[in-house]
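**Q** First to last, the protein sequences are chains A and B. Taken in order, the first sequence gives residues 1 to 372; the numbers are from UniProt numbering. Taken in order, the second sequence gives residues 1 to 192; the numbers are from UniProt numbering.
Treat each hint with caution, since some may be false.
[Claimed, not checked] Okay, the calculated bits of chain A under chain B, using three or more residues with CB under 8 Å as the criterion:
no., stretch
1, 61-69
2, 215-229
3, 290-301
[Said to hold, decoys possible] Pulled from the structure, derived: some chain B residues nowhere near chain A, Cβ distances all over 12 Å:
no., residue
4, Asn2
5, Glu6
6, Leu8
7, Leu10
8, Arg12
9, Glu138
Derived from the structure by calculation, the hints contain no laboratory data. None of these values were measured; they are calculated from a predicted model. All C-beta atoms, glycine included, are put in the ideal place defined by N, C-alpha and C.
Okay, here's what each chain looks like letter by letter:
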Amino acid sequence: MNERKESMMDWAELYVLGGLNEAETAEYEAYLQHNAEEQRRVAELRDTVGMLALAAKPAAPPAGMKGRILGNILGTGTVSNSDRTETVVEQTDADVRSSSRHEDRTRSEHETEIQLEQARQGIEAGEARRAAEVRTGSGSLLAADVSGKAQHAKEQKTNAPQAPEQEIPSVGIDERAGRKNVQTDPVEEAQTSRKAARARSGRSLWAGAAAIMAAAAVLLGIYSAQLRGELNDMRTNLTAMEQRTSDMERQLAMSTQPAVGAQVARTVPLVGSENAPQASGMAAMVQDDTGTRLVVQAEDLPALSGSEAYQVWLIKDGQPINAGTFQSGSGNGALTYTMQPDDYDMVAITLEPDAQGDQPRGQMLLTAALNG
Amino acid sequence: MNEQAEDLQLIRRIADRDAGALEHLYDIYERPVYAFAYRLLNDAMAAEEAVQELFLRIWNNAERYDSSHGKLSTWMFALARNISIDMLRRRNARAAAVPVEDEQLNTVIDETSDTELAVERTLEGEQIRSALDQLGEEQQQVIDLIYYKGLTQQEVSDRCAIPLGTVKSRVRLALKQLHKRLSGMERGESRV
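In isolation and in its complexed conformation, chain B is listed as follows (with noise of 0.2 Å):
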């Protein structure tokens, strides 16, 4: 049985209030799942409230994963971002004034100068983040700020006084690339 296959296989029994499915999926993705939410909230609660949310919503909404729509992993993440960014935005209309400016234009940055710790690392994090550093500094700045600090296109216009298509040439151009150098890993072996 395939990877998409089992997961699929999966989500119908915690569908079907599996509680043994739910901890087989918990074990499969906390991991991931974590440092994906401890990325975008860079506070160790807070990561834990979001990777509780998401189980807790997968517990409840299971059904509701449509496979023709993607991977479960890029339903989980999504699902993940979504929950973590509506944390961070709660966080932030709480504290207005966060100078998040320059943390965000950092943050790719500083990624990559930890190309040394890649032993740590996963092979499919390090062959993204690989990709993701080849992109042209605009290009990581409107990922960074959109899909990891959850801000609009609008936001971002406003944010980095750039016209609005701008935005949107550069997310496109962004992902186009992100799309040839991934796809390899795509139809990969690899889970998560």
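Looking at chain A on its own, in the form it has when it is part of the complex (with noise of 0.2 Å):
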């Protein structure tokens, strides 16, 4: 037991420098609780060992380091008196608002989808109506058209002629019929009866076909009416989607066009770090109609070796957003990357060893902070 504890007096300079696993840690606390004067001991060289940490070279703190620290520790809760709820409650507001920020864009990207379907239905529904017109003019519409009125109004239009048809032998039978009733009379004046009858039936017949017909087309006139209507709604609509389609093209066509008017929203200097003092820079954010560009521009880099490349860098709540990599012969360069409007922490430029990496693995070069 006392070589235990000759050996646990050894361990207090290796206590204090760091230099115990957990286990004897935790042992050598043990012993210590119960040993004011190893306490003593151990105090005393904690100080020592609490200078060695000055004995770091200097190195400046990136810029704006002290407004993201102090943010993230005091930017939300700060009067809560439960350590860990306040934390849990920043998680939360952080995964709230990244949850609103996704469904912005997936709100978004759903109103583009459906612009674009517009579109296309547009473009089909142009096509369709060309079609119509070089086969036989716009009558054909209807055929191609998929719409129910039309449908409806087409099968109208189809049985409507039939109608007269078979009016007129119901109309002959009730005549006929009323006719026997009088057959009783002498044979003569029943035959001239009989013509008489049949006279004034084919008469009656005629008139009623005739009257059958004439509401026929007056429904017919109505039902064209109405089609010329829907026939001028539907052009309306296809020239509305035309219109759509042709500012969706203008939109896709000036991604492509010289930037007008470019807002510059931000530039930053990149300043070099303790691995490239020498090296300097720029970083611009740069909005216009298409969208939002990062450009950034750096010279006096340190040289590349093999298949070393320089990466640029978004870096937001402490995540790095990988915005490109690029090479140089001459240690000068530069990058654009369209990047996603949002409120980045700071832009930087690692020295990595391969242009592939979506994780920086290298060394800081340049920094600026964008939240300063």
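Using the hints, put the two chains back together into the complex; each one sits in its own frame.
**A** Written out as structure tokens, the structure reads:
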């Protein structure tokens, strides 16, 4: 036991310096609790070891570090009594913000999809109309159109002429039935009467047929007017869709056109880190009708060797977003990146072992705070 | 009011959730703490992350500081070291084949060769570096591997192929000499 205690006393320096593993640390701390003299010795050693931290060469903190750190710590819930709750609240807020951003993006993507679908339908409708006009004119549009109303109207149109043909025999039968009641007269009278009846029956037949056909003609006229109205409505819709298509095409074309009146939202100087104190550069965020672009330019970067590359990062909440890699033999270079507009904390350039990484692996060369 | 009493008052205000006190503490310690984290991690982004974690822990656990266990700066640097060494170990676990050994052995010597940049350094930093430089090479090595690289005595013993007892005795001797050379500073005026 005494040997163990002596061994523990040997541990004071290792304990304070941080050279004991977890089990040894726990064992030593248990021993320390009951040994006031050892506690004094450890306190003395602690201050000596604490000073070793100051042996570190001076290193300038990155620009805007204070704002980021205190902002992150004090950002929310500064009056909360429960630290853990506060952290959770911060995370939840962040999650909500992130989720809300995601929803906004999803909504905007959904709207774009709807617009594209409308444009596609517009183009298809336009093609159908042109094809119909080439064939037989506007009448064929009915056949090409799948509208329920138009189909219904077409069915009405084809049914309408059949009506008189069905009506005429039924009227004839009624007439003949009526005449049968008076066929109890003498034969001649009956014959004369039969002829007259036949003649009346013929006139009534034609008169009825004419009336029905006139009615049918009026109905057809009404249907025709309705169809013309519907046709006009469809043409109006088609024009609107063609307009929308042309808007979309114009927007697509704009993305390949030179920017007009682009706004430089932000320009920050890039500052060389300890790894590249001589390096300098500039980062700008440029906005135009087609989106936001990050433009980064750097010079006097340390020379690359082998497959090494410079990589640009946008950093938000400690998470680096790959904004692209570039290589240059002269140590000077530039890069553009079409970025999601957001409140980024920092833009940075690192020296990476190759141009394929999506997480920083190499040394920091240049940084600039974006939220300062 | 002396600096230790001032630090104590500051940490009590932080324990009472005084954001202004945290900012004041941050202003005092930002540079030395960042330089220390950068020295351990050799990465600006990771060092900033470590500094943030340090001040977050101080903000959340200021009441745990016990002045009878040493100066506030000692407590803060010990916390900063724990955070940074944890990060270093996670990083090394991810990249298992990190060739750290050569760098480690050269680190202290590199600092010696930078003495012409003394103008940029604080007086304390210079004195401590000077005290470190005066240690024997073997003592510098164990201090570097344990304190700055986060190795345990067993890991140092394995890596340097020296008995565990030798690791202990080198550490003891190194700290004894450092204490002797730095004891004047510990009683000195400077806060950090």
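**Q** Given that the stretch 61-69 of chain A was listed as covered by chain B, double-check it with a C-beta distance under 8 Å for 3 or more residues.
**A** holds (count 6)
**Q** Taking a Cβ-to-Cβ distance below 8 Å as contact, does the stretch 290-301 of chain A have at least three residues touching chain B?
**A** violated (count 0)
**Q** Could you let me know if the closest chain A CB is still more than 12 Å away from the CB of Glu6(B)?
**A** Answer for Glu6(B): holds, closest chain A Cβ roughly 17 Å.
**Q** Beyond 12 Å from every Cβ of chain A: is that where the Cβ of Leu10(B) lies?
**A** 15 Å, holds
**Q** Can the stretch 215-229 of chain A be counted as covered by chain B under the rule of three residues or more with Cβ-Cβ separation shorter than 8 Å?
**A** violated (count 0)
**Q** So Glu138(B) supposedly isn't at the interface. Is its beta-carbon more than 12 Å from every beta-carbon in chain A?
**A** 15 Å, holds
**Q** Would you check whether the claim that Arg12(B) is not at the interface survives, using Cβ distances to chain A and the 12 Å cut-off?
**A** 16 Å, holds
**Q** Hey, is Asn2(B) genuinely clear of chain A, shortest beta carbon separation above 12 Å?
**A** The assertion about Asn2(B) holds, with a minimum of 15 Å to chain A.
**Q** Just checking, Leu8(B) versus chain A, shortest CB gap more than 12 Å?
**A** 15 Å, holds
Checked against the numbered hints above, the structure breaks hints 2 and 3 and satisfies the rest.
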